[in-house]
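J.: Residue-level listing of the chains:
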Amino acid sequence: MLCQSCGEQTATMRIKEIVNGRLTEYAICASCARRLGYNTLLSGLGRGYGSMLSEFFGDQPPEPEKRCPQCGASFEEIARTGRVGCALCYETFEEELMPLIQRLHGNELHCGKFPGENLPQPRLQSQMIPMREMLEKAIREGNKNLLKGGESDA
Amino acid sequence: MHKWYEKAGPNSETVLSCRVRLARNFADLPFPSKMSRSDLERSRERVKRALSLCSRAQDYRYILMEEMTESEAVSFAERQLCTPEFIAKTSGRALFFTSDEGDSITVNGADHLRIQILRTGNQLSEALETADQLDTQLDRSLRFAFRRDLGYLTQSPMDLGTGMVAGLQLHLPALEQLGEMDRICTDLIGLGFVMRSLYGTDAAIYEMRNRITLGISETEAVQNLSALAKQVIMREKRAREEMLSQPQTQEKIRDRLSTLQTARILPQKVFFDCYSKIRVGIFAGLIRGLTAEQLDTLKIAVQPATLTVQAGRELDAKQCQIRRAQLISTALQGVRLC
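Residue numbers (the numbering used here), protein chains in the order written: chain A, 31 to 184; chain B, 545 to 882.
I should point out that these hints are in silico values taken from the structure, not numbers from a laboratory. Glycine residues also receive a C-beta, built at the ideal position from the N, C-alpha and C atoms. There's no promise every hint is true.
Below, a list of computed lysine-lysine pairs in the DSSO-like style, where the Cα atoms sit at most 27 angstroms apart [unchecked claim]:
#1 A:K46 <-> B:K862
#2 A:K46 <-> B:K781
#3 B:K781 <-> B:K796
#4 B:K796 <-> B:K862
#5 B:K633 <-> A:K46
#6 B:K551 <-> B:K774
#7 B:K813 <-> A:K46
Simulated restraints on C-beta separations [what the hints assert, rightly or not]:
#8 B:P791 <-> A:Q34: 38 to 48 angstroms
#9 A:Q132 <-> B:Q863: 47 to 57 angstroms
#10 B:K813 <-> A:E38: 47 to 57 angstroms
#11 A:T54 <-> B:I844: 13 to 23 angstroms
Partial list, derived from the structure: chain B residues whose beta carbon lies under 10 angstroms from chain A [said to hold, decoys possible]:
#12 W548
#13 A552
#14 D572
#15 E629
#16 E673
#17 F690
#18 G705
#19 S741
Model the full assembly from the supplied sequences, consistent with the hints where possible.
T.: Next comes the structure, spelled out in structure tokens:
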């Protein structure tokens with residue numbers, strides 16, 4: 031199916047919007063999704079996710095017979111839908127999911143809230159330093175790039 | 545009880561509202577796309593019970609989505625209580641919200657729970673604090689799925705980590721007029737943020753939100769969002785000064801106020817164009833007798849499904865446009881140009 035926004039590329043993602051009081055669904059391509067602000071690293075869960083996986087594993091999903099003991103999901107199902115079946119799937123399919131999670135999030139570890147605890151205070155030595163540096167650089171250089179035409183107060 | 549959007553908020557010249565959303569799941573139930581009917585009910589009952597033990601329990605209203613008409617469900621999305629995706633499939637889903645509609649929890653949508661706090665203007669820190677408190681209180685009885693390395697476990701691996709989305713709704717008519725929004729939206733993607741137009745270019749309303757949830761704390765994500773939004777806002781303010789110095793801008797503001805006060809039929813697209821110009825006029829001191837929060841309240845009230853729900857009967861497109869025009873012209877009686 032062609033993208034309903036540009037009419038040129040193949041649609042890989044379905045989005046839902048409220049248009050004139052009605053729920054409306056559109057099929058759009060990855061580049062239009064990005065342009066319209068729907069971009070996710072997994073844009074086009076079905077197709078995008080699957081093709082991303084195949085880069086790692088070829089066309090054969092690993093151990094297709096393995097299923098999660100709690101929800102019954104197979105890895106093939108997770109890859110096809112982009113949805114993990116349950117919390118235990120992260121353990122059951124850890125080996126298969128971790129390369130994908132690293133591709134989505136980098137080698138990051140959780141450094142936010144832990145259940146039952148207070149919000150952590152911002153840490154200068156956090157793993158966000160590269161990101162923060164990039165962000166600060168963007169803010170600094172915003173005058174000629176993002177913020178063309180104005181002086182920064184940063 | 546006033547709704548959250550009826551109150552004035554800080555930095556409301558450019559920031560209409562802010563929101564913080566936390567995605568949470570139960571460790572022992574399948575995620576929503578694999579839940580059975582009994583799982584869906586169990587999940588709803590757990591949230592209901594846990595919420596009854598929270599400090600503002602008495603203030604929450606409970607809605608079973610499958611009992612709603614289509615217009616009622618769409619109206620919830622128009623009032624930002626849930627996403628269009630949440631109402632696309634209503635079976636087994638529930639919505640809890642406070643009487644001011646500022647605090648809400650969707651159940652059995654993309655995750656078992658999504659806590660959302662909405663506030664006017666830029667009150668991101670307060671919204672995060674409120675979301676965190678509610679999450680902590682719920683967690684005492686619900687035990688959310690969590691791993692030390694991956695954080696909160698979510699149905700989509702995209703949301704792993706904090707499970708948090710923090711967003712600012714921005715009014716950027718001057719940058720829109722300059723044709724800069726496409727470039728800003730593209731630049732923000734590379735920085736780990738998303739900027740998306742909400743009501744089309746006439747309204748010039750955008751939501752800017754974080755995209756990264758793993759490897760960053762909630763507070764850091766909110767600080768980064770605020771810092772970058774501040775730069776966009778500065779740019780908008782400068783462009784707006786320039787825009788207001790042009791005589792045709794003030795002429796447009798006068799013209800759009802007159803349109804809203806006299807129209808008998810008002811399509812949504814025309815309303816949003818007028819809304820955007822008049823909002824600029826309010827902050828430029830060109831309009832007397834109307835505040836930004838009154839105008840923003842009208843913006844929510846005149847959306848099609850919300851109009852239909854208020855009317856208590858189905859309205860076709862033309863009836864909606866007539867009713868919108870009536871409601872607005874009544875509300876704007878006495879509003880004058882300075």
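J.: Quick one: are A:Q132 and B:Q863 within 47 to 57 angstroms, going by C-beta?
T.: 54 angstroms Cβ-Cβ, so the 47 to 57 angstroms window holds.
J.: Is the hint on B:F690 kept, meaning its closest Cβ partner in chain A is under 10 angstroms away?
T.: This hint holds: B:F690 lies near chain A, its Cβ roughly 5 angstroms from the closest one there, short of 10 angstroms.
J.: So if I understand the rule, the pair passes when the alpha-carbon distance is 27 angstroms or less; does B:K796 with B:K862 pass?
T.: holds, 26 angstroms
J.: Holds or violated: B:G705 as interface residue toward chain A, Cβ cutoff 10 angstroms?
T.: holds, 5 angstroms
J.: Min Cβ distance, B:S741 to chain A: is it shorter than 10 angstroms?
T.: The hint holds - B:S741 has a Cβ within 10 angstroms of chain A, the shortest such distance being about 7 angstroms.
J.: With a cut-off of 10 angstroms, does the beta carbon of B:E629 approach a beta carbon of chain A closely enough for the hint to hold?
T.: holds, 5 angstroms
J.: Using 10 angstroms as the Cβ threshold, decide whether B:A552 counts as touching chain A.
T.: violated, 24 angstroms
J.: Compare the distance between the alpha carbons of A:K46 and B:K862 with 27 angstroms, and conclude whether the hinted pair is satisfied.
T.: holds, 24 angstroms
J.: Indicate whether the distance between the beta carbons of A:T54 and B:I844 respects the range 13 to 23 angstroms.
T.: holds, 19 angstroms
J.: Against chain A, with CB atoms and a cut of 10 angstroms, does the hint on B:D572 hold up?
T.: holds, 8 angstroms
J.: Does the Cβ pair B:P791, A:Q34 satisfy 38 to 48 angstroms?
T.: Between B:P791 and A:Q34, where Cβ atoms are some 40 angstroms apart, the hint holds.
J.: Hey, B:K633 versus A:K46, does the alpha-carbon distance stay inside 27 angstroms?
T.: holds, 11 angstroms
Of the numbered hints listed earlier, those contradicted by the structure are 2, 10, 12 and 13.
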